[in-house]
Amino acid sequence: MKKRKKLIPWLQSMPAMILIAIIIVFPVLYTGYISLTNMNLYHWFDFKVIGLSNYARALTKVDSGFLSALLTTILWTVFNMVIQVSAAFFIALGLNTEGLKIGRIYKTLLMFPWAMPSYISILLWRVGIFNTEFGLVNKVLVSMGLEKVNFLSRNVPAFLSCMVLNLWMALPFMIMTIDGALQSIDKSSYESAQMEGAGFWAKHFHITVPALRVVIMPAVIMTTFTTFKQFDIIYLLTMQKGALSGASLQTIITYAHQNAFVSNNYGLSSAVSIIIFGIIILFSLWTNRSIKED
Amino acid sequence: MKRILSMIVCGCLAAGMLTGCGSRNNVADTAQEAGGAEEENTVEAVENTEVPGEETEPVEVKIWHDGDEAIMGKIEATVNEALKDQQISISFEKKSGLTDQLQLYGNDAANGPDLYFYAHDTLGTFVEMGIAAPISDVAGEDVFSGLLPMTVEAGTYKDVQYFMPVYFETLLFMYNKALWEGEVPETTEELYAYMEAHTDTGAGTYAVVNQHSTAYNVAPFINGFGGAVIDKNGQPGLNLAQTIEAVEYNKKFAALQADGDYNTVTTLFNEGKAAAIIGGPWLVSGIKEAGIDLGIKSLSDFKLPNGNGLAPFSGVQGVGVLKHAVDEKKDAIAQVLKVMAGREVGEALALGSNCAPANMEAYANPEVEANEMIIAIKETAETAQPMPNIPEMSVMWGPAEGLLAAVNKSGEDVKTAAERCQQDALTAIADMQ
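Chain order of the listed sequences is Z and P. Heads up, the first sequence is in the numbering used here, so the first residue is 770 and it goes up one at a time. Heads up, the second sequence is in the numbering used here, so the first residue is 249 and it goes up one at a time.
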């Protein structure tokens, strides 16, 4: 009877587990298998297991290019997350100001970038904002009598341009999360603090931030991962085939794509994928551990 | 009761999820199955074989493409009309990223196509993957007899013909007759002088625009100087002295040609902000819609300082046969190829879509002969170089465009960028193995 009771939850969750196995576990395992083979253009159907040599090749790619890409990825993640969380915090505070009229309309408008497909947003920004001939920014510069600027042709301006676009696309999610968390804070705490003479900064530093921290942490972690493995913004703005912008900006994902995925060498690119997968798993374990310690 | 019910529901859900994993009888999953004489295919092949006195079954040949749907529509209509008595029909299906699609479905008889219609430069990739069949497996040599030799050569890989050319393209010098002042120059130096005098980058008006950092569009300079993106043996040529000279020479033109992105240069020309564009026949429909009075000149008529004409790549569009289809629809495919190589398809494409046909007889048509664009493409093709069709070419676009963008957009030194990109190209080629 006891055994049966133990078995029933497993049986009931079996369909979901099968689904997870098919959608998530199988592709990872299959990628792992392919990474041990010589599957490439010249061995498309007659590939065979060749051991760990793809891993050895992938690790030799950890050269200066990879290290520079890693540094760019870390800078990209840190800058984006710091600005994103801070900006979202202040915007959400603004949206929760007492007496704010048509707050719902502001919130709906702020959601707009998040609701748009990222591919379309990125191409719109590339042509509509950054383009030297038709972009809004250059139109403004020319109307002020200044020279046109190619924002995407050099690394630093391209990095900043990509970051602005990422913030535009990602802020709504963070604003929504913080806005939701703000609703859960007991208003009487602010009233008590005010009676004690606390100002704007003191109230938010001692009440809002600690209360928000636990609630928004999952969203921050999720966004950090998304930002860390960001590919489409940098690729579509600066590296799209047939429309290279001139910047040589690389994150580890674009670097891996350029070095392994354009060659039709599935064995090698699978090995690179598994290595990146391992790095992200380790990063995830470390983050979870940090949260538990908190 | 609830428990039993929940168990039944769970079981049904699990079974339902796995239903899609079942296989169909006629799916050829592996190369061996498709390439070998598997039973199902043999049965189908026998069924498709004409037996005198018996009524033939209708056969539909499925073709995937990644091109202009209007052009494919014309081919489809002409072929279906010609083969209606034999109950053979073709149907085109557009697939974006055709190379990737064929990597997945090129060997899948149930879900993949029988033929593909694409540019010739991907040929080596499909052959090395083992999905493309030699044309001789379905049709005789005579099918090529009426075709321009350059187009036939473009479809040859390792001395075997895997590709049946239908039409071809080259870049052209296209100008707006209302905006261009005087005669179109005969040399690139005269062209540059004209550009200097008629370009105002601040105001956004240009004499000539070009995708100056795209390898295909800079190939006329590279080939004209005797350089190469990659040679026939798969050796990249980005750091050759001639390539470096060509890239350096192109740089001064690029400075007067806006950003160089496809959408930007096309819009500038169509909106009358650029008097000329270096582009291909695919731009014509947009230009006509913009109401531009279009003039055309062959790029080979512009002489470089070394006396050579500009020598663009020629891109041949045509059809390839997938291995699994040879067993299943050999006779029908042979008929389709014969019609596609014929004069009717050539004329339909030339008259309806301004395509330069691979069929030589089509040029005898007075209307085709009078088409300025088609004649300019044909003239350019005499000196143009077919794009390399070796698999290594697929990884060369990135490094070649990296070189051009670094020089034209980031101001990097040509020699330094050429050495770096040559190394990138060698690494990319090594990574293919």
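If you are wondering where the hints come from, they were derived from the structure by calculation, not from laboratory data. Keep in mind that a hint or two might mislead.
Subject to a maximum C-alpha distance of 27 Å in a straight line, what follows is the list of computed DSS-like cross-link-like pairs (lysine-lysine) [said to hold, decoys possible]:
#1 P:Lys332 / P:Lys578
#2 P:Lys586 / Z:Lys1010
#3 Z:Lys1010 / P:Lys343
#4 P:Lys499 / Z:Lys917
#5 P:Lys586 / P:Lys571
#6 Z:Lys908 / P:Lys500
#7 P:Lys521 / P:Lys342
#8 P:Lys500 / Z:Lys1010
#9 Z:Lys1010 / P:Lys571
#10 Z:Lys917 / P:Lys343
#11 Z:Lys917 / P:Lys500
#12 P:Lys551 / Z:Lys817
#13 P:Lys343 / P:Lys500
#14 Z:Lys817 / P:Lys571
#15 P:Lys521 / P:Lys425
#16 P:Lys663 / Z:Lys1010
#17 P:Lys521 / Z:Lys908
#18 P:Lys310 / P:Lys545
#19 P:Lys480 / Z:Lys1010
#20 P:Lys578 / P:Lys342
#21 P:Lys521 / P:Lys586
#22 Z:Lys1010 / P:Lys499
#23 Z:Lys972 / Z:Lys870
#24 P:Lys310 / P:Lys332
#25 P:Lys578 / P:Lys480
#26 Z:Lys908 / P:Lys578
#27 Z:Lys876 / Z:Lys972
#28 P:Lys499 / P:Lys521
#29 P:Lys626 / P:Lys536
Each hint tested on the structure:
1. P:Lys332 / P:Lys578: Measuring from Cα to Cα gives roughly 17 Å; hence the hint holds.
2. P:Lys586 / Z:Lys1010: 36 Å, violated
3. Z:Lys1010 / P:Lys343: Since the Cα atoms of Lys1010 (chain Z) and Lys343 (chain P) sit roughly 18 Å apart, the hinted pair holds (cutoff 27 Å).
4. P:Lys499 / Z:Lys917: 19 Å, holds
5. P:Lys586 / P:Lys571: Holds - the C-alpha atoms of Lys571 (chain P) and Lys586 (chain P) are around 18 Å apart, at most 27 Å.
6. Z:Lys908 / P:Lys500: 25 Å, holds
7. P:Lys521 / P:Lys342: 33 Å, violated
8. P:Lys500 / Z:Lys1010: Holds, at about 23 Å.
9. Z:Lys1010 / P:Lys571: Judged against 27 Å, a Cα distance of about 30 Å means the pair is violated.
10. Z:Lys917 / P:Lys343: 38 Å, violated
11. Z:Lys917 / P:Lys500: Since the Cα atoms of Lys917 (chain Z) and Lys500 (chain P) sit roughly 18 Å apart, the hinted pair holds (cutoff 27 Å).
12. P:Lys551 / Z:Lys817: Given pair Lys551 (chain P), Lys817 (chain Z) is violated - Cα atoms ~53 Å apart, limit 27 Å.
13. P:Lys343 / P:Lys500: Measuring from Cα to Cα gives roughly 38 Å; hence the hint is violated.
14. Z:Lys817 / P:Lys571: At roughly 22 Å apart (the allowed maximum being 27 Å), Lys571 (chain P) and Lys817 (chain Z) satisfy the hint.
15. P:Lys521 / P:Lys425: 13 Å, holds
16. P:Lys663 / Z:Lys1010: Satisfied, since the Cα-Cα distance of roughly 23 Å is no more than 27 Å.
17. P:Lys521 / Z:Lys908: 15 Å, holds
18. P:Lys310 / P:Lys545: 37 Å, violated
19. P:Lys480 / Z:Lys1010: Distance of about 23 Å is within 27 Å: holds.
20. P:Lys578 / P:Lys342: 23 Å, holds
21. P:Lys521 / P:Lys586: Cα-Cα ~45 Å, so violated.
22. Z:Lys1010 / P:Lys499: Holds. Lys1010 (chain Z) to Lys499 (chain P) sits at ~20 Å (cutoff 27 Å).
23. Z:Lys972 / Z:Lys870: Judged against 27 Å, a Cα distance of about 23 Å means the pair holds.
24. P:Lys310 / P:Lys332: Between Lys310 (chain P) and Lys332 (chain P) the Cα gap is close to 16 Å, so the pair holds against 27 Å.
25. P:Lys578 / P:Lys480: 32 Å, violated
26. Z:Lys908 / P:Lys578: 59 Å, violated
27. Z:Lys876 / Z:Lys972: 24 Å, holds
28. P:Lys499 / P:Lys521: 21 Å, holds
29. P:Lys626 / P:Lys536: Holds. Lys626 (chain P) to Lys536 (chain P) sits at ~21 Å (cutoff 27 Å).
The structure fails to meet hints 2, 7, 9, 10, 12, 13, 18, 21, 25 and 26 from the earlier list, while all remaining hints are met.
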